[in-house]
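K.L.:
Next come the chains, spelled out residue by residue.
Protein chains: 2
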Amino acid sequence: MQSKIKHIGILGGMGMSSTILMQKYLFEMHRHNYKSRPLPLVTYYIVDIKKVFEYQFAGQWKPYADYLSECIIKLEKSKCDFVSIAAVTPHIVYDSLCEKAKIPLLNIFANTAHEFEKKKIDSVLLLATSFTAKAGLFERNIKKSVKKVILPNKKDQEFLDSLIYRSLAVGEKKESYKNEISRLIGKYDCDGVVLGCTDLPLVFSQKDTSIPVIDTLRCHASATLRYSYRSE
Amino acid sequence: MQSKIKHIGILGGMGMSSTILMQKYLFEMHRHNYKSRPLPLVTYYIVDIKKVFEYQFAGQWKPYADYLSECIIKLEKSKCDFVSIAAVTPHIVYDSLCEKAKIPLLNIFANTAHEFEKKKIDSVLLLATSFTAKAGLFERNIKKSVKKVILPNKKDQEFLDSLIYRSLAVGEKKESYKNEISRLIGKYDCDGVVLGCTDLPLVFSQKDTSIPVIDTLRCHASATLRYSYRSE
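Sequence order for the protein chains is A and B. Per this note's numbering: the first sequence ends with 518, consecutive numbering throughout. Per this note's numbering: the second sequence ends with 518, consecutive numbering throughout.
These are computed hints drawn from the structure, not numbers from a lab. Be a bit skeptical, because a hint or two may be false.
Identical copies carry no separate label here, and so any pair may be met within one copy or between two of them.
Here are the simulated lysine to aspartate or glutamate pairs, EDC-like style, with alpha carbons at most 20 Å apart [as the list claims (entries may be wrong)]:
1. Lys429 x Asp442
2. Lys434 x Glu458
3. Lys336 x Asp381
4. Lys292 x Glu362
5. Lys434 x Glu385
6. Lys459 x Glu314
7. Lys386 x Asp477
8. Lys420 x Asp447
9. Lys321 x Asp334
10. Lys460 x Glu444
11. Lys321 x Glu340
12. Lys460 x Glu356
13. Lys310 x Glu458
14. Lys292 x Glu314
15. Lys388 x Glu518
16. Lys441 x Asp367
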């Protein structure tokens, strides 16, 4: 008998387009790798992004974590077996969310780290929000898999924050972003690039560059589906 | 006190891209019309499309309905308060599904009919699968709202079936489809067009023609969100 397929809970809406991309990845990966089995049930809880951004920009990580925990409780009540957060920045409070959750929370870094090992990347340029960069999230979580995490300089980080919060999070997409990101990458001496914010794959992917690109959202979708089918 | 927001169940995967479009519509409509309230929980159950197509093409509507009822039970168990089917063709067995369901099933035609009234369309060209056309689904469900439902001729219906089942359902999209659909519409004397298959808005919309277009999926997403917020 095949083991029970776990019901996936997605905490999303940070932003909305990347949450839809997560669903697209899940569907595509199911078609490619698990076609003989039913797709798991997927329940989405979409956060109040205004509230999330307010706490985030004010650095109020305690109420931020409390609010996200409340959202996770909604997913627990809908009988989800585990939760994947479809965004990187909330992983700043991952430990605190785990403490309060009754069901497992997949960590977005678990599978990302594995991808660095597979691609043999020694030094990686981090393209992420300044919150993720400042919190040292990648350095801490992938330290066994990559020797050096390179952070963009102040000006480039400002460009990334503006791109993420002023454009992608509100559903704006320009073709020019591809070139701007390519130019930014060209300035740094690195073996690979990590799209360390789940909004970035909306405008940039491996197709746009010859340097290895790690797409955190894609890694997370893959880990989410694998975990759902895993017998325990 | 605001009334309870109902948890939406979506029976989808027929096809996959239109299910993602349904989610996109829900998100957009929430942003435009209900921004001050949280987005409802949304749970997706994705059907085994191979099974669904097999029953459908063999005209085995009893096992088809039985299978869809099983899927709806999974949504009931996840505490959904009601179900929207993100496809038109399954509405052939809508009455039978309602009989077995413990929670309400929104009918995709309820809001579509309303749209015909709003746009004052007398005669409408039906772009749908041959199953929907043969079953007389639109004629039966929107008869109070529109005087005449025009069906495409045999060759045009074959083109639509091929477009839907061989291309859109498997994620293929060509720019040329827009022109082919426009040419098809041009052959008929009608006041409006209904995209009576939820895959069609993936390649054709009001932007592509001057004649009024009713997008069934968009109407259904709007009705779904409204029902979720409605107090009872």
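K.L.:
All hints are to be evaluated individually against the structure, with a verdict given for each.
P.N.:
Here's how the hints hold up against the structure:
Neither within a single protomer nor between protomers do Lys429 and Asp442 lie at most 20 Å apart by alpha-carbon distance, with minima of 23 Å and 60 Å respectively. Taking the shortest Cα distances, Lys434 and Glu458 never come within 20 Å of each other, neither inside one copy (32 Å) nor across copies (41 Å). Taking identical chains as interchangeable, the C-alpha atoms of Lys336 and Asp381 are never at most 20 Å apart, the minima being 23 Å within one chain and 42 Å between chains. When the C-alpha separation of Lys292 and Glu362 is checked against a cutoff of 20 Å, the pair qualifies both within a copy, at 12 Å, and between copies, at 16 Å.
Proximity of Lys434 to Glu385 under the C-alpha cut-off of 20 Å is found in neither arrangement, the shortest distances being 30 Å within a copy and 61 Å between copies. In this assembly of identical chains, the alpha carbons of Lys459 and Glu314 lie at most 20 Å apart only when taken from different copies (16 Å versus 22 Å within one copy). Within a single copy, Lys386 and Asp477 get their C-alpha atoms no closer than 38 Å, and across copies no closer than 58 Å, so neither meets the 20 Å cut-off. Taking the shortest alpha-carbon separations for Lys420 and Asp447, only the intra-copy value of 12 Å comes in at or below 20 Å, while the best inter-copy value is 54 Å.
Taking identical chains as interchangeable, the C-alpha atoms of Lys321 and Asp334 lie at most 20 Å apart only when they sit on different chains, with a minimum of 9 Å there against 34 Å within one chain. Taking CA atoms no more than 20 Å apart as the test, Lys460 paired with Glu444 passes inside one copy only; the shortest distance there is 18 Å, against 38 Å between copies. In this assembly of identical chains, Lys321 and Glu340 lie within 20 Å of each other by CA distance solely across copies; the values are 16 Å between and 41 Å within a copy. With identical chains, the CA atoms of Lys460 and Glu356 are never at most 20 Å apart, being 35 Å at best within one copy and 44 Å at best between copies.
Taking identical chains as interchangeable, the C-alpha atoms of Lys310 and Glu458 lie at most 20 Å apart whether they share a chain (19 Å) or sit on different chains (14 Å). Only within a single protomer do Lys292 and Glu314 lie at most 20 Å apart by alpha-carbon distance; the minimum there is 18 Å, versus 29 Å between protomers. Only within a single protomer do Lys388 and Glu518 lie at most 20 Å apart by alpha-carbon distance; the minimum there is 17 Å, versus 32 Å between protomers. Taking the closest pair of Cα atoms, Lys441 and Asp367 never come within 20 Å of each other, the shortest separation being 42 Å inside a single copy and 49 Å across copies.
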